[in-house]
Amino acid sequence: MNFFVENAWIIPVMPLLAFLTILFCRSFKLYENKKISMLLTVGSTAIGLIFSSFILTWAAGHENALYQQNFTWIQVDAIKLPIGWLVDNLTAAMLMVVTSVSILIQIYSHEYMNHDDGYHKFFAYLALFNFSMLGLVLSSNLFQIYIFWELVGLSSYLLIGFWFKRPSAASAAKKAFIMNRIGDFGLLLGVVSILYFSFDWWIINNQPLLSFAVFNDVANYIFISNGPVVISLIAFAIFLGAMAKSAQFPLHTWLPDAMEGPTPISALIHAATMVAAGVFLIARTYPIFKLSPEIMMFMLIIGLITAFMAATIAIVQTDIKKILAYSTCSQLGFMVMGMGAGAYAAGLFHLVTHAYFKAMLFLCSGAVIHALADQQDVRKMGGLRKHMPAVAYTYLIGTFAISGILLSGFWSKEGIFMGLESGKHWIFLITAIIVAGMTSFYMFRSYFLVFEGEYKGETKPHMPNKVLTIPLIILAIPSAILGFVLSGSLKGFGIGSFAKFVGYAGEHHASLMLPAVSLLISLAGLFIAAIMYWDKAKEFINIDPEVIKNKFSYCYKFLINKWYIDDLYLGFLRMIFLPVARFVAWFDRTIVDGIVNLVGVTVKFTGNTLRLLQNGNLQTYNAILFSGLLIYIIAVLAYWLL
Amino acid sequence: MEIGLTHFVILSAVLFSIGILGLIVSRNIIKVLMSIEILLNAVNINFVAFANYTDLGDLKGHVFAIFIMAIAAAEAAVGLALLLALYRNKPSVDVEDYDILNG
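From first to last, the protein sequence lines are chains A and B.
Under numbering that gives the first Met the number 0, the residue at position 416 of the first sequence is numbered 415, and the numbers go up by one with no gaps.
Under numbering that gives the first Met the number 0, the residue at position 1 of the second sequence is numbered 0, and the numbers go up by one with no gaps.
These are calculated hints, taken from the structure and not from any lab test.
One or more hints might be untrue.
What the hints assert, rightly or not - Derived CB-CB ranges, DEER-like:
1) PRO90/B x LEU624/A: 51 to 57 Å
2) PRO578/A x ILE99/B: 55 to 61 Å
3) ILE9/B x ILE594/A: 54 to 60 Å
What the hints assert, rightly or not - If you want a taste of the chain B side facing chain A, the calculated C-beta under 10 Å gives, among others:
4) SER25
5) ILE29
6) MET33
7) ILE99
Ideal Cβ placement from N, Cα and C applies to all residues, glycine included.
Kindly produce the complete structure, drawing on both the sequences and the hints.
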């Protein structure tokens with residue numbers, strides 16, 4: 000067992016090798032067989048999965064499991080930046096999630112991308128992403144996490160813009176990259192300021208710089224020696240990074256646009272793994288956040304706004320991937336809220352369950368889109384349950400899971416609610432439960448619109464291939480039971496075992512009140528969705544969504560325009576940013592360049608003038624020479640005599 | 000009238016000025032060379048005069064004068080050789096024709 004932990008570096012390195020092999024060996028004859036790329040990528044991930052399973056068992060078998068290995072990478076005077084890997088329970092859990100979800104998605108992608116020209120490129124990027132994500136998870140220190148943080152951003156950019164010939168995909172990729180840069184800058188500031196404020200501590204204790212293993216002591220040291228303001232600022236800077244990566248308000252707008260990428264990418268990167276990296280980062284640097292109640296409160300507020308806003312927008316979306324994207328955004332809001340409420344384990348628990356069921360939902364939507372020849376509008380679907388039962392039932396399981404009706408999402412959301420309750424954040428708790436109801440509403444809306452009723456599209460849907468459905472069915476299992484299994488017991492509604500596993504165990508409530516209320520609200524959401532969109536329920540009570548839409552047309556307009564946040568950004572860019580940029584450009588071209596040119600012109604002018612003296616005429620030289628001498632003599636004489 | 004150091008110095012200064020004037024105003028290269036000789040001789044007179052009047056019993060000034068004569072002879076030889084070489088390229092003895100090194 001120790002072998003796997005001590006050689007954990009193999010997990011990220013294998014995908015890197017796969018990436019390099021696909022990238023540089025493209026001209027080999029072997030690659031005329033398409034499957035080679037897929038096999039390389041899947042094989043590298045499979046090795047990772049095997050390692051992760053053993054690491055998980057190792058971590059589960061140890062109290063406070065911790066293994067780390069560091070090498071000095073960059074050394075400048077006393078600053079020795081290490082690179083290495085650190086295995087603890089959090090790493091083990093994340094490794095398992097990332098490898099298991101991504102191996103299924105890679106198999107799925109083989110079928111999904113089979114007829115695409117960029118098949119090899121796609122798998123190369125997938126392997127690159129795997130490398131960066133696994134490297135991020137295994138990072139032993141904050142500096143290394145920053146490197147991999149940028150790398151996942153890069154692979155996300157490449158994969159969003161995978162169909163870069165479509166202008167919308169190209170600009171969505173750019174948008175994602177730029178939005179993430181804002182957060183990355185915050186993270187960089189955070190990393191540097193932690194190093195700055197705790198440098199003495201690292202030197203005295205002779206620990207590898209910025210290592211996570213001793214983060215608790217470091218946070219305390221910074222708190223004691225520099226006070227609460229500094230620690231709050233550091234926490235804010237790091238949270239900014241998490242905000243951009245985890246698509247939190249107001250930096251969330253890139254995530255819905257990122258749906259321009261291929262659907263497996265939406266499932267892997269923009270639902271299951273990369274967007275959860277923000278929450279992972281918060282979990283990793285949690286000692287700092289714990290010392291700053293202001294930022295914890297801020298996190299709570301941002302999480303709530305994100306959850307609420309994304310849920311409201313998701314209600315009116317008609318693009319199936321956009322619905323799922325906004326729901327991802329909303330669920331990430333839940334995780335951040337959990338973190339902010341101090342329910343550390345619950346936030347991570349939701350991350351894990353969400354990764355499985357949201358990946359599955361996205362893969363279902365991918366199967367639907369594939370079957371309907373790239374149709375993404377839910378209004379042109381319907382009745383697909385008869386054509387693809389496997390997809391429909393797995394989607395239904397996912398919908399139940401995310402809505403928090405008894406399947407895995409229920410258990411993890413419970414944890415977050417309980418965290419909010421024990422922190423006495425009543426307003427947040429009530430709003431969060433309402434948002435959970437809204438989640439249930441829009442998810443069942445999408446289910447009814449896509450899989451129930453009559454088919455409204457033109458192209459004839461065809462059965463999805465087995466390669467598409469088998470990963471769905473495998474993913475359905477954790478989506479259904481993971482919450483129950485990890486929460487540890489049938490009796491108490493708690494997140495006992497998982498919480499114990501990742502540490503920071505919260506209070507264990509046995510109250511049945513909260514789960515009952517949230518379950519009721521979720522069922523209410525299901526009920527409203529049914530009477531609005533399910534033709535079988537409509538026979539009893541019928542509410543036409545069109546009527547509601549017309550009644551609250553202002554509301555609808557507000558939601559369909561995504562709270563006008565994109566327009567706000569555009570306005571900001573046009574009214575403030577571009578004029579400033581233009582002024583700066585003018586300043587550069589006129590003033591700065593002017594000064595540089597002036598120097599040149601002066602030199603040229605002086606040279607031209609002095610050139611006239613050197614006329615090559617011997618007599619002139621002599622005259623100048625001796626008149627100079629004469630002047631000197633006269634000056635000396637005058638000095639003597641006067 | 001007793002001839003003293005002052006007279007020699009004045010003679011030397013006058014000769015020197017004539018030499019400079021010759022350097023500046025003459026166009027003929029031969030004249031320029033002759034002006035240089037005059038300059039050197041003005042300096043020689045200075046040396047010998049000062050040696051004779053102020054540095055009694057020592058011969059530094061005289062030796063210097065002899066050295067300068069030798070150098071002047073060598074310089075004249077080199078200068079004339081250069082002149083001949085120049086003349087082969089451009090048949091002219093006017094210094095104003097040799098201004099190709101202007102800036």
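A quick look at each hint next to the structure:
no.	hint	result
1	PRO90/B x LEU624/A: 51 to 57 Å	29 Å, violated
2	PRO578/A x ILE99/B: 55 to 61 Å	59 Å, holds
3	ILE9/B x ILE594/A: 54 to 60 Å	58 Å, holds
4	SER25	8 Å, holds
5	ILE29	13 Å, violated
6	MET33	14 Å, violated
7	ILE99	6 Å, holds
Violated hints for the displayed structure, listed by number in ascending order: 1, 5 and 6.
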